[in-house]
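Colleague: The chain contents come next:
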Amino acid sequence: MTVPATPVKGIARRLDADEIGRLLPHRHPLLLLDRVLELDPPRRAVGIKNVAIAEPWFAGHFPGRALLPGVLLTECLAQLAGVLVAAEQAVRPEPADPAVPAAHPDVHPAAHPYGDSNGHSDGASVAGAYAGDGIGVLAEIKRFRFRHPVLPGDRVRLEVTLTSQLGRVREFACLASVAGNRTAHGTLVIVA
Amino acid sequence: MDYEKALETAAGIQRICHRLACMFVERLDLPIDPIWISYDQPIFGRGLELDSVDTLELILGIEYEFDVSLTEDDRISFGSIARLTQRILEDRPGLATAS
Chain A
1 MTVPATPVKG IARRLDADEI GRLLPHRHPL LLLDRVLELD PPRRAVGIKN VAIAEPWFAG
61 HFPGRALLPG VLLTECLAQL AGVLVAAEQA VRPEPADPAV PAAHPDVHPA AHPYGDSNGH
121 SDGASVAGAY AGDGIGVLAE IKRFRFRHPV LPGDRVRLEV TLTSQLGRVR EFACLASVAG
181 NRTAHGTLVI VA
Chain B
1001 MDYEKALETA AGIQRICHRL ACMFVERLDL PIDPIWISYD QPIFGRGLEL DSVDTLELIL
1061 GIEYEFDVSL TEDDRISFGS IARLTQRILE DRPGLATAS
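Residue numbers (this note's numbering), protein chains in the order written: chain A, 1 to 192; chain B, 1001 to 1099.
If we strip away everything but chain A, and leave its shape as in the complex, we get:
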């Protein structure tokens, strides 16, 4: 079934898997997002991940007791945030936009004053090395909690909300839920 797409400033508000694939660089077996239900760049997105026993990790996680790895749930949320960043760039290709609220100023990567040092934080350095070519990468995972196991057959509702931004660095509050129950929540920092 195709999702009826309503264009909003050049980008669909709902996205099916093929459209998600055009916004994200991820491919099988790590393109995890099945659908985007709400897309409100740059602030908020809601998506769906349907969990199937056919997914390759269930062969080993765990034999006889299939359980979606928490890192993959985190990755689902990161991908939804990635869609939000990609959609924002699609809507607003011009990086320095005066319409952006002062609390969340956006600057062109080349004008970023702090650069990407090779200091103590290796994760950020790796992020810096990849960021800027349109691919958003995970720079930090903060305070994640996994409250309930996610099993084959579950439909996971994913929600990400931009809470803070400094240039190419964005922080998202993330929530994953199954049938209205919170299964995981935490904060992700993405450099794009």
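For the record, the hints were derived by calculation from the structure and aren't laboratory data. If you're wondering where the values come from, they're calculated on a predicted model, not measured in any experiment. It is possible that part of the hints are untrue.
As the list claims (entries may be wrong) - Per label pair, the in silico range of CB-to-CB distance: (1) B:ASP1002 / A:GLU38: 24 to 34 Å; (2) B:GLN1086 / A:ILE53: 51 to 61 Å; (3) B:GLU1004 / A:GLU38: 51 to 61 Å; (4) B:PRO1093 / A:ASP18: 49 to 59 Å; (5) B:ALA1010 / A:ASN181: 47 to 57 Å; (6) A:ARG155 / B:ARG1015: 48 to 58 Å; (7) A:ARG143 / B:ARG1015: 20 to 30 Å; (8) B:THR1071 / A:GLU38: 20 to 30 Å.
What the hints assert, rightly or not - Non-contacting residues of chain A with respect to chain B, defined by C-beta distances greater than 12 Å in every case (computed): (9) GLY21; (10) HIS28; (11) GLY64; (12) ILE135; (13) ARG145; (14) GLY180.
Glycine included, each C-beta is placed from N, C-alpha and C at the ideal position.
Assemble the complex: chain A is given as a structure, and chain B must be docked to it using the hints.
Modeller: Frame of chain A, contents of chain B only:
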């Protein structure tokens, strides 16, 4: 009286600097004791070698601890802890004299 007031302000500034140094170490998991961070050493580049992800974390920390919102435009304030303290006092002058 003015002299005493100046002393009090200086002590207040030192207190904020110390709070910032402690916050840097705590929030960024720096492998050093806060007392080894001098207040006028550069924060980025060859100083504490922080990067843009760290900067966002510090901005969130300063907002939480001092109720001061910094943006990209405050990049000069991130030159050193002393400069950050000056910037915080611009928004919260009362902090210099509050004990």
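Colleague: For every hint, state whether the structure bears it out.
Modeller: Now the hints, each set against the structure:
no., hint, in the structure
1, B:ASP1002 / A:GLU38: 24 to 34 Å, "60 Å, violated"
2, B:GLN1086 / A:ILE53: 51 to 61 Å, "60 Å, holds"
3, B:GLU1004 / A:GLU38: 51 to 61 Å, "59 Å, holds"
4, B:PRO1093 / A:ASP18: 49 to 59 Å, "57 Å, holds"
5, B:ALA1010 / A:ASN181: 47 to 57 Å, "55 Å, holds"
6, A:ARG155 / B:ARG1015: 48 to 58 Å, "52 Å, holds"
7, A:ARG143 / B:ARG1015: 20 to 30 Å, "29 Å, holds"
8, B:THR1071 / A:GLU38: 20 to 30 Å, "28 Å, holds"
9, GLY21, "28 Å, holds"
10, HIS28, "29 Å, holds"
11, GLY64, "39 Å, holds"
12, ILE135, "16 Å, holds"
13, ARG145, "19 Å, holds"
14, GLY180, "30 Å, holds"
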